[in-house]
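Sequence order for the protein chains is A and B. Position 215 of the first sequence, counting from 1, maps to 215 under our numbering, and the rest follow consecutively. Counting the second sequence from 1 gives a position; our numbering is that position plus 254.
No lab work stands behind these hints: they were computed from the structure. Please note that the accuracy of each hint is not assured.
Dumping the calculated EDC-like pairs for lysine to aspartate or glutamate here, alpha-carbon to alpha-carbon at most 16 Å [stated by the list, open to error]:
1) A/K67 / A/E34
2) B/K294 / B/E281
3) B/K357 / B/E414
4) A/K210 / A/D159
5) B/K274 / A/D68
6) B/K437 / A/E41
Residues per chain, in single letters:
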Amino acid sequence: MLTKRIIPCLDVKDGQVVKGTKFRNHEVLGDISELALKYSEQGADELVFYDITASSDQRTVDAKWVKDIAQLIDIPFCVAGGIISVDKARFILNSGADKISINSPALEHPNLISEMAKAFGSQCVVVGVDSIWHKDDYYVYKYTGDEAKTENSKWRTLDWVKQVQALGAGEVVLNCMSSDGTRDGFDVKQLKLVRELLNIPLVASGGAGKVEHFSDVFQKTNVDAALAAGIFHRNEVSVQQVKEHLSENGLPVR
Amino acid sequence: MITIADTGGSNISSIRYALKRLGEDSELIADADKIYNSSKVIVPGVGAASDSMQRLQKLELEDVLLKLKQPTLGICIGMHLLFNHSQEGDVDLLGVFDAEVKKIVSTELTVPHMGWNQVNWCKDDCLLIKDIPSGENFYFVHSFAAPVGAWTVGETKYGENFSAVVQQDNYFAVQFHPEKSSKMGSQLLRNFVKL
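Please build the complete structure, drawing on both the sequences and the hints.
Right, dumping it as structure tokens:
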């Protein structure tokens with residue numbers, strides 16, 4: 001049986017791993033390689049590296065550390081941050097990343113998704129969606145790495161995820177902004193709505209504060225994976241402890 | 255020294271790093287004679303089977319990949335290349351293994367099949383799987399898969415069972431990514447290096 005994936009997310013800013021609350025007020029948590037190796041050894045199924053300022057600063061993630069990570073760990077990893085062209089994606093993938101994740105650039109140029117899917121296969125193309133309830137519906141936000149530049153893309157989340165799947169995305173990471181950093185649990189309600197619309201894998205992101213939140217999201221939403229940052233970086237819970245808890249609750253884990 | 259046939263797959267550097275972690279050097283080669291004269295060959299691949307096949311045709315590597323006598327390992331799309339035909343791009347392939355690679359079709363399961371899944375051994379005399387227990391998890395990312403046949407060494411269930419590890423004579427192939435499958439993936443690559 002395909003196991004439920006646990007994915008520590010390393011938000012990278014200026015070459016270090018950082019964590020903020022609701023995408024803001026970032027604190028430095030440690031060195032990229034050190035944390036990548038630590039989670040790999042704890043049994044993480046995959047890692048995601050978000051260069052959180054790359055899109056809003058209009059620069060591309062520095063591929064030097066991508067190569068370092070690829071040499072170091074033996075599990076898959078995804079890189080996100082300012083990947084605005086097929087050529088840049090190719091560079092990151094050739095440096096050893098398994099997937100690239102695009103967020104703001106996909107909102108600017110939706111065809112980028114299909115161009116990348118055609119060039120590398122859908123399985124390499126992840127679309128990150130930063131979503132929050134606004135007035136009457138869930139909406140997708142862009143440039144969330146920088147508070148001053150964050151703006152509503154005007155896309156309704158449910159329309160956007162259908163669109164990205166149609167364009168050839170291989171996976172969606174739904175970052176539920178209202179729960180991000182709160183430690184109050186994943187946004188089960190929103191994830192359920194999105195899960196029903198998609199045939200491609202869906203990764204839950206935002207809100208993990210204790211092991212029960214992971215079993216809760218898998219039992220209630222049938223997402224394929226859960227992504228978390230702070231809970232792991234602050235050493236509150238290890239990946240291994242999450243997996244033991246999931247296993248005790250009858251969920252398939254590696 | 256392991257020779258990696260230049261199929262253009264984007265997982266080539268990952269495979270080379272994984273071999274390096276085992277202390278094994280590798281070389282990316284697009285020349286038919288050099289591939290023929292090497293001691294071991296890996297056929298990698300990520301993307302679409304049709305793209306990789308076009309590249310093999312352009313580099314005139316089809317014949318040599320069929321003539322190899324040394325241990326040869328296809329990985330992911332590199333595995334598909336060794337089959338007869340793929341529905342992905344409706345393309346004829348090398349045909350070491352006599353079967354068609356087909357799209358994973360399911361109304362209930364997500365596609366691509368992405369993540370860690372168990373591989374159960376159908377045979378236990380294959381040196382590629384030495385010291386790897388049946389039922390271990392490996393990392394998969396694919397939307398097309400080869401059926402189970404006489405050459406199947408290990409199978410995985412995702413909807414239906416498909417071939418995760420196959421062998422015929424000196425040709426070995428795996429659907430998952432050993433270079434990304436943690437300790438068990440390393441063990442499989444180590445077994446290949448030692449063949």
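Assess, step by step, whether the Cα of B/K294 is no farther than 16 Å from the Cα of B/E281, and give holds or violated. holds (11 Å)
Pair hint B/K274 and A/D68, alpha-carbon separation not exceeding 16 Å: holds (13 Å)
Given the hinted pair B/K437 and A/E41, is their Cα-Cα distance within 16 Å? holds (10 Å)
Proposed proximity, A/D159 with A/K210 (alpha carbon, max 16 Å): Roughly 31 Å separates the two Cα atoms, so the pair is violated.
Assess, step by step, whether the Cα of B/K357 is no farther than 16 Å from the Cα of B/E414, and give holds or violated. holds (11 Å)
Need the status of pair A/K67, A/E34: alpha-carbon distance at most 16 Å? With Cα atoms ~14 Å apart, A/K67 and A/E34 stay inside 16 Å; holds.
The structure shown violates just one earlier hint, number 4.
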